[in-house]
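In this text, residue positions in the sequence shown follow our numbering: the first is 101, and each later residue adds one.
Treat the hints as calculated values from the structure; they're not laboratory data.
Even for Gly, the Cβ is constructed at its ideal location relative to N, Cα and C.
Do not take every clue at face value.
[As the list claims (entries may be wrong)] Between beta-carbon pairs, the in silico distance windows are: (1) 422 <-> 231: 40 to 46 Å; (2) 537 <-> 327: 43 to 49 Å; (3) 137 <-> 112: 20 to 26 Å; (4) 423 <-> 691: 19 to 25 Å; (5) 309 <-> 270: 25 to 31 Å; (6) 494 <-> 811: 37 to 43 Å; (7) 688 <-> 127: 15 to 21 Å; (8) 691 <-> 273: 40 to 46 Å; (9) 422 <-> 275: 49 to 55 Å; (10) 321 <-> 211: 28 to 34 Å; (11) 422 <-> 182: 22 to 28 Å.
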Amino acid sequence: MSPTDEIKARLDIVNYISQYVPLKKAGRTYKACCPFHNESTPSFNVDPDRGSWRCFGACGEGGDIFSFAQKYHGWDFRQALEELGKLAGVEVRKQSPQQREQDAHRDHLRGLMKAAAELFHAHLTEPQSEQARLAAAYARQKRGFTDETITAFQIGFAPHGWSNTLDALTAIGYDVADLIAVGLVIKNDQGRVYDRFRHRLMIPIRDERGRVVGFGARALNPEDNPKYLNSPQTPLFDKSRILFGLDTARRAIRESETAVIVEGYMDAIQAQQAGFYNVVAQMGTAMTETQLGLIAPRYAKKIILALDADAAGQNAARRSLEVARQTLQADYAGRMSVDMRVLQMPDAKDPDDLIREAPEMWQAHLDAALPVADFVIQMEAAGLSDDAGIHQREAIARRLLPILIASESDIYTHENIQKLALRLRIPEKKLLAWAGQQREQMLRSAPPAAPDHAAPPDGDMVEVSDDDFYSDVEAYRQMQSGEMPPASSAPPTATDDDDLTPIPRPSAVPLTAQAASGDNVQEGYCLRMLFLHPPVYYQINRRLREIAAGDDDLLETAFIDFGVADFTRHDYRALMQMFLFGLRQAEAELLDFMRETLDPAMRAELERLIDDERVTVSQRVNSRFDADREQLWKQHKRRAMPAFDPEKEAILKALELRRARLKREVDAGRFAMIDAQRQRDEAAAAQISAQFIIIRRALERLDGALADQRRKFA
Numbered sequence: 101m102s103p104t105d106e107i108k109a110r111l112d113i114v115n116y117i118s119q120y121v122p123l124k125k126a127g128r129t130y131k132a133c134c135p136f137h138n139e140s141t142p143s144f145n146v147d148p149d150r151g152s153w154r155c156f157g158a159c160g161e162g163g164d165i166f167s168f169a170q171k172y173h174g175w176d177f178r179q180a181l182e183e184l185g186k187l188a189g190v191e192v193r194k195q196s197p198q199q200r201e202q203d204a205h206r207d208h209l210r211g212l213m214k215a216a217a218e219l220f221h222a223h224l225t226e227p228q229s230e231q232a233r234l235a236a237a238y239a240r241q242k243r244g245f246t247d248e249t250i251t252a253f254q255i256g257f258a259p260h261g262w263s264n265t266l267d268a269l270t271a272i273g274y275d276v277a278d279l280i281a282v283g284l285v286i287k288n289d290q291g292r293v294y295d296r297f298r299h300r301l302m303i304p305i306r307d308e309r310g311r312v313v314g315f316g317a318r319a320l321n322p323e324d325n326p327k328y329l330n331s332p333q334t335p336l337f338d339k340s341r342i343l344f345g346l347d348t349a350r351r352a353i354r355e356s357e358t359a360v361i362v363e364g365y366m367d368a369i370q371a372q373q374a375g376f377y378n379v380v381a382q383m384g385t386a387m388t389e390t391q392l393g394l395i396a397p398r399y400a401k402k403i404i405l406a407l408d409a410d411a412a413g414q415n416a417a418r419r420s421l422e423v424a425r426q427t428l429q430a431d432y433a434g435r436m437s438v439d440m441r442v443l444q445m446p447d448a449k450d451p452d453d454l455i456r457e458a459p460e461m462w463q464a465h466l467d468a469a470l471p472v473a474d475f476v477i478q479m480e481a482a483g484l485s486d487d488a489g490i491h492q493r494e495a496i497a498r499r500l501l502p503i504l505i506a507s508e509s510d511i512y513t514h515e516n517i518q519k520l521a522l523r524l525r526i527p528e529k530k531l532l533a534w535a536g537q538q539r540e541q542m543l544r545s546a547p548p549a550a551p552d553h554a555a556p557p558d559g560d561m562v563e564v565s566d567d568d569f570y571s572d573v574e575a576y577r578q579m580q581s582g583e584m585p586p587a588s589s590a591p592p593t594a595t596d597d598d599d600l601t602p603i604p605r606p607s608a609v610p611l612t613a614q615a616a617s618g619d620n621v622q623e624g625y626c627l628r629m630l631f632l633h634p635p636v637y638y639q640i641n642r643r644l645r646e647i648a649a650g651d652d653d654l655l656e657t658a659f660i661d662f663g664v665a666d667f668t669r670h671d672y673r674a675l676m677q678m679f680l681f682g683l684r685q686a687e688a689e690l691l692d693f694m695r696e697t698l699d700p701a702m703r704a705e706l707e708r709l710i711d712d713e714r715v716t717v718s719q720r721v722n723s724r725f726d727a728d729r730e731q732l733w734k735q736h737k738r739r740a741m742p743a744f745d746p747e748k749e750a751i752l753k754a755l756e757l758r759r760a761r762l763k764r765e766v767d768a769g770r771f772a773m774i775d776a777q778r779q780r781d782e783a784a785a786a787q788i789s790a791q792f793i794i795i796r797r798a799l800e801r802l803d804g805a806l807a808d809q810r811r812k813f814a
């Protein structure tokens, strides 16, 4: 039994969800108002027999205990697996003795940092000296922090002296070597050990899971330098990989789909104290790729840079935009997948000062944040005189074009170039020509793609007939009446928990033993193209948004981003989950990350997909003779001509997989409708009917888009 299966077996989904949602029994299921959107009529349904949940209301989401934990807590799948594993008492990953020792040591260091945060906090909230009382007054009066904020962020005080922290923490059993390792004390060349933080206001810095990994310290004596002192880089703390306040801001960012990034932790604390919970702080002078990857496109579709108004802050904003352009590209043409804005602080104030003086104006300032194009044109052309020469203006244009063409829409790109043409007095046609050259350079500098391969033919998709559906309904009714199907009956296919179900790791059974249906071929091909051409993932999502054509109902349900629920095979779903996780990290190349992270069985399937060019043909002729296989292989090679566009073909196959997913959701909804009608739940039936209407509209648009896409290949 895999760890996920064992966790599901040990944890009751009703008991788990009841901790967060007031469920009420309704027949064989449980209901409540959905915790993920506002509603008055309960549409959130938990089925203990299937171990699944689903909302038949506005959000239309569903899954199992893992997907609920992910969505409710804002966890990724790995976090959900670890946390639920602890709750169930299941070891989620096998480790060598050395790995267990390393993890135990890191946990020990985290315990040390937690103890230090509690120590500093006690010094501030239970002052034993005049220094501590003055520090508490500074926090409340000078910084404007309320008692609730001091408690929520565990703000503390490091007393004046050379060994207060050293003595207190070694007294409770921690070694000096541990204190040195986490940066709480310093050992000089003469071997003397002393406190790093002295007479400072202490701000614990936490990772996105809320664990203390470092400290930021504000000097209380105006003559002490530096004014702000952070922990050094340690096994737990790397400032380039952390966003301050993300642990408390993550849910607000996900719900609003907007993240506001400020420069310092004082700015972020002040913003969250004022009720603006989607504000986080960067830990350096400019954003890093890893920091951006923590929030976008994972949680945020819009990022507002609200950095300090001084020259350093504005330069940091400019550098952050360049990092964003490189990090958040949606395709090789350089279009960003996130809407970036820049807030210019009025009267050259910092966010901290601005929010304390007029918190009610903060949202208005955010709403007035400049689009990237306006900001960079204004900044770069600020010192440009009216009589500037063409070479000077051309240099500015060429610096700005990569950012201006990194727009989500060609319409905006054209508008941006118009603005630049007007400001620099350069003909728009010339700028468009230069922009074309820039895009060609991006394409040439993109990482080399694997050789193009043909996709499987279109005719392998399996449709479910009405006869099949009604036989399933009859089996469902037998189940409801307590009758068991005949022993020879095939197990039912997944329905209710297809949507957003987290992925169990596969068992040790060889993955190649799983039969390859037409759907599997489509899924395997699509995964292959994603692994070999990662940017095509963003093009698929762009195409889904284009098909939705601004219809919010479709964007929020049928045409959400391509993902795990578009696949049916458990091993493919697991690989897709790991692919998405790999996109969000910046520690390694995507395929290297997947090879390192996957267990041996899954790694073997990954290599089979990406290494064996014949996999597509082999899956389709498993039961045929070698001669037939060789003939199909030759046909396959003839299709793989230089003119073949693997990205367009992958988009086509992804759209077909989305169509199959919507068909599965229709089937799941039919069963839910039977349930609602049997219970005479008119409200639930109405919500399901509304969902059917949305899916039907989505299928109509999808069929039209597929027809257009296929005509392009005719």
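Hints, one by one, checked against the model:
no. : hint                    : verdict
1   : 422 <-> 231: 40 to 46 Å : holds (44 Å)
2   : 537 <-> 327: 43 to 49 Å : holds (46 Å)
3   : 137 <-> 112: 20 to 26 Å : holds (25 Å)
4   : 423 <-> 691: 19 to 25 Å : holds (23 Å)
5   : 309 <-> 270: 25 to 31 Å : holds (27 Å)
6   : 494 <-> 811: 37 to 43 Å : holds (42 Å)
7   : 688 <-> 127: 15 to 21 Å : violated (49 Å)
8   : 691 <-> 273: 40 to 46 Å : holds (44 Å)
9   : 422 <-> 275: 49 to 55 Å : violated (43 Å)
10  : 321 <-> 211: 28 to 34 Å : holds (31 Å)
11  : 422 <-> 182: 22 to 28 Å : violated (35 Å)
The earlier numbered hints that this structure contradicts are 7, 9, 11.
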